[in-house]
Every structure is written in C-alpha cells, then in structure tokens.
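Participant: Read off the chains here:
2 protein chains.
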Amino acid sequence: MRATILYGPGDVRVEDRPRPVIEQPTDAIIRVEAACVCGSDLWPYRGVADYGPAAAMGHEYVGVVEAVGDAVQQIKPGDFTVGSFMASDGACEICASGYQSRCAVGLRVRGAQAEYLRVPLADGTLVATPGMPDAVLVPSLLTASDVLGTGWFAAAAAEVGPGKTVAVVGDGAVGLLGVLAAGRLGAERIIAMSRNPARQALATAFGATEIVTERGDDAVARVKELTGGLGAHSVIEAVGTQEAVEQAIHACRPGGHVGFVGLGHEVKLNGLDLFYAGVHLHGGPAPVRRFLPELIRLIWERAINPGLVFDLTLPLEQAPAAYKAMDQRQAVKALLLP
Amino acid sequence: MRATILYGPGDVRVEDRPRPVIEQPTDAIIRVEAACVCGSDLWPYRGVADYGPAAAMGHEYVGVVEAVGDAVQQIKPGDFTVGSFMASDGACEICASGYQSRCAVGLRVRGAQAEYLRVPLADGTLVATPGMPDAVLVPSLLTASDVLGTGWFAAAAAEVGPGKTVAVVGDGAVGLLGVLAAGRLGAERIIAMSRNPARQALATAFGATEIVTERGDDAVARVKELTGGLGAHSVIEAVGTQEAVEQAIHACRPGGHVGFVGLGHEVKLNGLDLFYAGVHLHGGPAPVRRFLPELIRLIWERAINPGLVFDLTLPLEQAPAAYKAMDQRQAVKALLLP
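Residue numbers (the numbering used here), protein chains in the order written: chain A, 11 to 348; chain B, 11 to 348.
Hints listed in this document are in silico derivations from the structure and should not be mistaken for laboratory results.
Identical chains share a label here; the pair holds if one copy fits it or two copies do between them.
Pairs of lysine to aspartate or glutamate residues, derived as DMTMM-like cross-links and limited to a Cα-Cα distance of at most 25 Å, are as follows:
#1 Lys278 with Asp227
#2 Lys278 with Glu253
#3 Lys174 with Asp228
#4 Lys174 with Asp99
#5 Lys234 with Glu103
#6 Lys334 with Glu25
#7 Lys174 with Glu103
#8 Lys234 with Asp283
#9 Lys234 with Glu220
#10 Lys174 with Glu198
#11 Lys86 with Glu311
#12 Lys234 with Glu198
#13 Lys86 with Glu76
#14 Lys86 with Glu33
#15 Lys234 with Asp99
#16 Lys334 with Glu276
Predicted, not measured: the structure shown is a model, and the values here were computed from it.
Generate the whole structure from the sequences, applying the supplied hints.
Facilitator: Structure (structure tokens):
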C-alpha cells in the first residue's frame, strides 16, 4: 500500500509499505477513506520534534473496517468509523473519567496518511457512524478525529457556557473549530483573534461575534476593553507559543478558565504570573473519544459543518505538497484522499 | 500605638506609630485582638521580596470595630470581626463570582501586626461574628483571616469532594489546614506529605489518613503506588518551590485537579510537562472572603479547631522572635497578642 513517511525535517515522501495486519486481538484494520495533515505533524516536519528516522505519519482518519481481531466486539467489518489519535481501552478509571487520551493502557495511533491503518484497542477507540455517510459529510467526520475534537475539548476545558464571553487565541484549524465549539456550547460573545481575512471570515461563519487583530499585550488590552476591563470568562489557547500562552492567560479574568490545546515546546510559564492571574488552567492532548458520539451526531444531523476548515484537498500521493502548503500557511488544513 | 515594621531582610522591629484614622468613608478602624505571622511575611524577611524601606507588617487579624466611616452600613462599632488580607468591595463582577481577592477595586490590608488597623472597604471585607467569642475560639477565628481560608481555597481549587483521594504537598500551616479542609469537604483519603513528626501528628489530627515522607520524584512514586498507579484525584500545593509545584502536578492523575496556593517566586512551569500532565491547575491569592461566613460558622459551632496550628503565642512586643521562630521552622505558626 501507499503510505506517508517522514525522513527528517522537510523530507516527507509517499512510498510503498506493507499493508498492516491484525497484531493483537483488540486491533482493527481500516481502509482509510480520508486523512489529513495536523498542525502537530509540522513539529517534526520543521525539526522541532524528532519522530525517528522513518516515521509513518498521520493520526486523523475516517475509514471502513476491513478486519477485526478476535476480541473486538462492538466494531464490525463494513462499519464506517471515526477514531481518535490516541487508542484507548474505554475501560480503565482514567477513560471512565473522560480522559481517554491518557488511558492507562493507551497507545498513539500513527500511520493514518496511508491506504490502510491498524487501530489498536478498536472497541475503545473507534466509533461507527449510523451508516455510510454521504460524501459531503466525510470531511466533517474527519475533523472529529482530532481537530474538531481538540477545539471542542479546549472549549470544554475553558468552561464555555451560556452568558459567557470567550476569547480564542489562534486562527488555525483548532482555533477556528474552538470558535465553532464555543458557539454550540452557548457562548454569548466569541472574540476571535486573527489578522488573516480568510480566517476571519471562517471564524465569523463559525460564530465569532468580534475579531481582534492585535497580538500580545495589545491583544490583551483589546480583550479587556471589550469586557469592561475584566477579561474574558473563557479563553481558548490553540497556538502553543510563549506569546500565545501568555496572551491567553492575561486575556482571562481572575477566576476565569483557560483551555489550552496548543501549548507546545519551549514554553515556560512564570509561576508568580500564573499565581496572580488567578485563572483556571486546563488542557493537554484532547480526549477526543469523549466527544466523538456527540460530534458525529451533530455532523450527521448537519447541525455543524466543521469540514469547512479544509481549504486544500489532495490525493494521498501529493502529501508532500500538503505539508508544504500548511507549513507555509498557504492552507489552513489539508485533506488527503487515499 | 505599637506596630511591627520591617526595615529589611531579618530586621523586624516593634515601634511607636500613629494610630490609624478613618481616611475613606468606607474604612473601619479595628482594635486588633490577635494577629499572626504568615509564611508570606517571610518572603521580605528573607529578602526574597522587597516591601520597601519601612513596611508595616501583618495581614491576618481579628478585632473589635472602634470606628467606621460614613458609608459603612453593615459593620458597626463594637462588632468582633474577621477580615481577609485583601480588602474587597463585594459588589463588582469579580467579587460576585467569588474572587474577592482580585476585586476590581481591591486593596491589600497591611499593618495588622499592631494595636490598631485601618481596614478599607469594611462592608465588603469584614465579617462580624455572632457575638463576642470565647477566648478559646479567637485563635481559630484568626486562622480564618488567611491561613485557613487559603487552605480551604486550595482544597476547593483542587475540587476535593466525596470519594476522592487528596494529596497535600506542604506541612506548613496552610498545608495542614488544607488537610482539615479536605476532610470537611468529604475526601475519602488524605495523603499528607511530611517528614516532621509534630506536623505529621497535627496532619493526622486534622484528618490525614496516610503520611508520605518522601520528597520529589520519590514522593510522586509513593502517591502513585498508593493510588493504583494513577495519582491522586486532587492535590493541594502549599509550598511554592519548583520541586513542590512539580511534585504536586506529577502526583495528580490526568484529568485531576491541582489547587496551588504556595506557588511562589522563581517557579517556572515547563509547558510540555504541563501539557502531558493533563491536570486542572487553579490557585493564586485565596479569595478568603468567599469562605469566611462558612468558616466562622464551623468555628463558632466548634466543628473545627484550626487554631491548633498555632504552636507559639507571644505578645506583640516579641514579634521579632515570632518571625525568627517561623523562619527557622521552630514554629509552625506564631500568634501575636497586642
């Protein structure tokens, strides 16, 4: 089969690889119907993270189940499924508490930018759709696998709810879908931070009520100005740079909530700054699996259209071009069709 | 009147100062019945923080109201009152949300280690007891002013509740009263971290069910061992050193809650470490005022006895000895009687 392999910074190739097979009785093999490039795939692509000498890339996927191991009971061959980027057993105490991305026996899913994918712990990881989706729903279902689930988690972590003012730091796909999530979760006002007209338009389409174009301290000052000097009730941080994280914390009012999903490498939080901010801080790798049933339902009912974040669709063979476009911010999010 | 003044690191003196007067119509003047030395008073005493050339010390107090300004309506001369270390108007949106320590017009209360004290925003800051307290209740009421209120906030920030396992980092007065708070809030297990026998005994008296004597990574390993490998549901951080903060975060399970009230100077949180910890982090200067009515009720009904943290009681004149004893960890907490 064809698969996307990263050899080192900037060096991504589509190559022939052996088709995956059932290795554990809890595995499923899916035929990938669509995959995409994640912002986090750009870390090793840019040399910020090291995934090893020849890394099978991709962790966002939808696909039809080809085969399952003997211990798989819920998921069946022929199911159209959406899965999380983290495999989880769905049975441990951590999964039960809604943190499937930190499952006690959890495993990373890797190699989704390919024709076939082995998904460990299939029953705890995959969710089947009610039937075969219309083609128009596939991009949206694909977003549920990570980018929508992550934006949704950020909004949940920021305790977004009715009557609240939400600020969103980051106009990438996660930030934009954080805007969408904030709207669905009942936010009264959603302040999107972006200086890119196309992304501003998408933020507005997803429910942003205000746009802030400033950055850093100026952005904080603007959010305070818009909120009677107090700051937002909830802030979504979906970038992961030092400036963005500080901007998120400072734009939040005392007692408010910052949900961070972009917090990345090289960030150092000043203890005293955090102390006097008085905010709630929560985030990390999103437990996408917690939200999948609800997200699939909303997409199936056409209540949300998160697939709009894909502004580039390419055949799998052109994965290198997809990486390049996202790296250079020529595309918000690239979809790959095997 | 006599008052405690800090001139520089290690140089604290009790001197004659003018008696405070009503400056604003919202002020009250109280005759201080008891005050004490806070762990945070040791920051400038140790030269870690700079309070200026001649700082009036003390922010924990109980006392009888002598006079009130024209705009004070709730608090009356003759009331026995407990107040927070932060003055708050009780009327702004931040106060209404329970974060009175970050009141939009809030002011620090300073100079409580003295015979008389001016308390700004008296109606929003002071809470009157149901009557004149028995002498035996005075130390406990004094703790409500900061150290108990702070321990209680830490437990609330750590989302302590029935069925949960709570770990407490720090065996100072705040940590010990965090143990007491965790017990009152229904924790199933309370793991106190201390290697000091006297403090271990007090922790046990306050409700600790287990004691961990290790520190750093060893302490984290021990907490994991005690919690099926997962970590505590809730962790209270009441020290404020780099090691203690990391210990608290790592001892908490993914999705769990860390309440920090000791987070101090020089602490730097690693962004990626925090990201993968997946905990909730909340803390800062405790909104003591939120808890005062409930804490006074519990003390009045003799349901709790937080005054046990005072293991040294001295006349105000001996404030320098009180600072020295706490600095050298010869006393957990020193009470001063004007």
